[in-house]
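**Student:** Now for the letters of each chain:
2 protein chains.
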Amino acid sequence: MNIVFNHATFRERADMLSFLRLCRERGVGTVSIWGDEITKTGDSNALAALRDHGLKVSGYNRIGPFLPDYLGRAEAELERAAHFGADHVFLFTGGLVEGERGLIAAKRRVEDQVGRLLEIARRVGVKLAIEPLHPMLAGERTVITSMTSANDLCDALGHGIGVVVDVYHVWWDERLEAEIMRTGRAGRLLGFHVNDWLLPTRHRLTDRGMMGDGIIDLKAIEEIMRRAGFRGGLEVEIFSTDWWARDPGEVMEIAITRCRQIFGDRPEATNTYRRRFEDRNSIRPS
Amino acid sequence: MNIVFNHATFRERADMLSFLRLCRERGVGTVSIWGDEITKTGDSNALAALRDHGLKVSGYNRIGPFLPDYLGRAEAELERAAHFGADHVFLFTGGLVEGERGLIAAKRRVEDQVGRLLEIARRVGVKLAIEPLHPMLAGERTVITSMTSANDLCDALGHGIGVVVDVYHVWWDERLEAEIMRTGRAGRLLGFHVNDWLLPTRHRLTDRGMMGDGIIDLKAIEEIMRRAGFRGGLEVEIFSTDWWARDPGEVMEIAITRCRQIFGDRPEATNTYRRRFEDRNSIRPS
Chain A
12 MNIVFNHATF RERADMLSFL RLCRERGVGT VSIWGDEITK TGDSNALAAL RDHGLKVSGY
72 NRIGPFLPDY LGRAEAELER AAHFGADHVF LFTGGLVEGE RGLIAAKRRV EDQVGRLLEI
132 ARRVGVKLAI EPLHPMLAGE RTVITSMTSA NDLCDALGHG IGVVVDVYHV WWDERLEAEI
192 MRTGRAGRLL GFHVNDWLLP TRHRLTDRGM MGDGIIDLKA IEEIMRRAGF RGGLEVEIFS
252 TDWWARDPGE VMEIAITRCR QIFGDRPEAT NTYRRRFEDR NSIRPS
Chain B
12 MNIVFNHATF RERADMLSFL RLCRERGVGT VSIWGDEITK TGDSNALAAL RDHGLKVSGY
72 NRIGPFLPDY LGRAEAELER AAHFGADHVF LFTGGLVEGE RGLIAAKRRV EDQVGRLLEI
132 ARRVGVKLAI EPLHPMLAGE RTVITSMTSA NDLCDALGHG IGVVVDVYHV WWDERLEAEI
192 MRTGRAGRLL GFHVNDWLLP TRHRLTDRGM MGDGIIDLKA IEEIMRRAGF RGGLEVEIFS
252 TDWWARDPGE VMEIAITRCR QIFGDRPEAT NTYRRRFEDR NSIRPS
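So the protein sequences, as listed, match chains A and B. Reading the first sequence from the start, the letters are residues 12 to 297 in this note's numbering. Reading the second sequence from the start, the letters are residues 12 to 297 in this note's numbering.
If you are wondering where the hints come from, they were derived from the structure by calculation, not from laboratory data. Among the hints, a few may not be true.
As the list makes no split between identical chains, a pair holds if one copy fits it or if it spans any two.
List of simulated lysine to any residue pairs, SDA-like, C-alpha gap at most 25 Å [stated by the list, open to error]:
hint	residue 1	residue 2
1	Lys118	Asp177
2	Lys118	Glu188
3	Lys118	Glu234
4	Lys118	Thr159
5	Lys138	Asp163
6	Lys51	Pro211
7	Lys118	Ala189
8	Lys118	Gly96
9	Lys118	Glu233
10	Lys67	Ala239
11	Lys118	Ile235
12	Lys118	Arg193
13	Lys118	Arg186
14	Lys118	Arg32
15	Lys118	Ala231
16	Lys67	Asp98
17	Lys138	Leu210
18	Lys138	Ala57
Sequences and hints are given; from them, build the entire structure.
**Tutor:** Following this line, the structure appears as structure tokens:
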């Protein structure tokens with residue numbers, strides 16, 4: 012059971028160099044990194060630290076949002092990602108642009124934009140990764156809101172692009188098993204992000220849970236990923252003001268323990284999730 | 012173009028009797044009503060007002076959440092809905108119960124529970140309505156998060172149960188057209204709720220938009236509904252602290268105007284939605 016730490020989980024209290032050192036101290040050998048954090052640290056310092064600690068890079072975050080000038084900056088970003096040895100680069104489509112309503116026209120636009128990025132990515136030698144985001148972010152931060160939609164996009168564009176499964180975004184989808192298997196058959200399962208969905212969720216962006224604190228059937232999804240042929244690690248990506256406030260090293264240790272409990276060969280019992288409030292069904296709107 | 016007003020859109024500043032009078036004054040002949048508001052007004056007062064104003068009842072809200080004692084109260088509620096002449100009664104499944112993770116087991120439980128309710132509903136002569144809710148409410152307030160899931164449930168249970176399409180919950184779904192057509196072919200399209208999705212959405216329950224203020228392609232969805240054979244009205248259901256704070260009669264007039272602009276035979280231009288903030292793509296988490 013390999014663990015990958017995504018810097019976003021720790022970045023509020025650990026800059027890139029601290030983050031890499033903390034990973035190394037805990038025996039975590041693979042990380043996902045962010046371009047803006049590299050810039051803060053300096054490319055050569057960041058590269059040297061990765062090399063000195065013997066760390067591998069899984070995902071590079073990220074290309075997007077796809078505003079009118081996105082393509083001008085994309086080539087340099089993709090080259091940097093390749094230079095850092097990243098396995099894949101995340102595409103962050105962003106939401107609708109002026110004049111768009113619904114997702115149909117926006118998806119056509121994004122398919123065209125990703126196609127252009129893919130030509131560059133193939134040339135510089137890095138894979139592109141589509142991560143479908145939760146429908147609550149549709150139109151605002153993404154136009155790809157399901158594994159189905161991500162797979163359709165990959166089918167249309169051919170080799171060099173794949174899908175990252177983040178449980179937070181797709182756990183509710185009745186098509187999940189079928190679509191993970193479809194992704195696996197196409198040889199394009201690039202990553203597996205773990206975290207949890209809390210009851211209730213207080214913020215659409217910054218209230219993700221630690222694995223085991225929420226209602227996602229994480230073990231069941233991991234088993235589907237393995238059956239679909241995924242051999243990569245469990246990437247811990249938790250956007251959470253609660254966890255950001257805590258000591259990064261401690262958060263790493265809790266995450267490692269939870270992964271062992273939930274995904275280990277002989278899973279230990281984990282705490283049953285608690286609801287944050289008991290009155291979740293009492294609010295009137297539906 | 013018939014309009015149906017749902018009392019929930021106005022209830023913060025209009026009790027049931029005021030609501031019915033305001034509808035009547037604006038020529039709206041069909042309403043959807045709530046059991047708790049009937050109780051506040053008194054059943055006989057509420058019935059008399061409906062009769063005096065010549066109003067028809069579309070939906071009765073609602074049966075649920077499906078807590079352990081739901082069935083004991085359900086028969087009386089269904090009888091009351093039939094007594095009020097409601098076309099259909101909403102099922103509000105509520106979220107997970109103790110020991111459930113993910114949605115698979117919960118859906119099996121809910122199918123069993125709805126099956127028991129359906130026996131009662133058939134006996135008292137009222138239809139049950141499943142309204143799939145947005146996946147951001149999955150596990151917390153519902154276990155039915157797509158039209159696909161709602162249709163599958165109806166297929167399993169047979170006659171006397173149908174689906175209400177609320178654009179807020181399903182607009183993002185690439186399966187929407189196919190699933191609305193499937194619902195129509197099965198003769199189980201019971202209602203069509205309109206409102207809008209705002210950018211950004213500030214609250215998962217109480218920040219719906221007035222039609223035209225958001226990013227949903229309302230006209231396109233309405234055209235699908237008509238092609239699928241739906242002949243009912245446009246039901247205005249807006250859970251919104253912003254709109255609840257305004258004068259209910261004024262909100263009705265704005266809603267009527269917007270429906271005319273968007274859904275009329277010769278739609279007038281509507282305002283392009285504005286984003287509430289310009290920085291919607293700048294927040295880091297994805």
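**Student:** For every hint, state whether the structure bears it out.
**Tutor:** Hints versus structure:
1. Proximity of Lys118 to Asp177 under the C-alpha cut-off of 25 Å is found in both arrangements, the shortest distances being 20 Å within a copy and 22 Å between copies.
2. In this homomeric assembly, Lys118 and Glu188 come within 25 Å of each other (Cα to Cα) both inside a single copy, at 23 Å, and across copies, at 16 Å.
3. Within a single copy, Lys118 and Glu234 get their C-alpha atoms only as close as 31 Å, which misses the 25 Å cut-off; across copies the closest is 20 Å, which meets it.
4. Both within a single protomer and between protomers do Lys118 and Thr159 lie at most 25 Å apart by alpha-carbon distance, with minima of 13 Å and 21 Å respectively.
5. For the identical chains of this complex, Lys138 and Asp163 are intra-copy neighbours only, at 17 Å inside a copy versus 37 Å across copies, given an alpha-carbon limit of 25 Å.
6. For the identical chains of this complex, Lys51 and Pro211 are neighbours neither inside a copy (35 Å) nor across copies (29 Å), given an alpha-carbon limit of 25 Å.
7. For the homomeric pair Lys118 and Ala189, the shortest alpha-carbon distances inside one copy (22 Å) and between copies (18 Å) are both at most 25 Å.
8. For a Cα distance limit of 25 Å, the shortest separation of Lys118 from Gly96 qualifies neither inside one copy, at 30 Å, nor across copies, at 44 Å.
9. Proximity of Lys118 to Glu233 under the C-alpha cut-off of 25 Å is restricted to the inter-copy arrangement: shortest distance 21 Å between copies versus 29 Å within a copy.
10. For a Cα distance limit of 25 Å, the shortest separation of Lys67 from Ala239 inside one copy, 23 Å, qualifies, whereas the shortest one across copies, 53 Å, does not.
11. Taking identical chains as interchangeable, the C-alpha atoms of Lys118 and Ile235 lie at most 25 Å apart only when they sit on different chains, with a minimum of 19 Å there against 27 Å within one chain.
12. Taking the shortest Cα distances, Lys118 and Arg193 sit within 25 Å of each other both inside one copy (20 Å) and across copies (24 Å).
13. Taking CA atoms no more than 25 Å apart as the test, Lys118 paired with Arg186 passes in both settings, with 20 Å inside one copy and 14 Å between copies.
14. With identical chains, the CA atoms of Lys118 and Arg32 are never at most 25 Å apart, being 40 Å at best within one copy and 45 Å at best between copies.
15. In the homo-oligomer, the alpha carbons of Lys118 and Ala231 lie at most 25 Å apart only across protomers (16 Å), although the nearest pairing inside one protomer, at 30 Å, exceeds that limit.
16. Taking identical chains as interchangeable, the C-alpha atoms of Lys67 and Asp98 lie at most 25 Å apart only when both belong to the same chain, with a minimum of 9 Å there against 61 Å between chains.
17. Proximity of Lys138 and Leu210 under a CA criterion of 25 Å is satisfied in neither setting, with 35 Å inside one chain copy and 31 Å between copies.
18. In the homo-oligomer, the alpha carbons of Lys138 and Ala57 lie at most 25 Å apart inside one protomer (21 Å), although the nearest pairing across protomers, at 63 Å, exceeds that limit.
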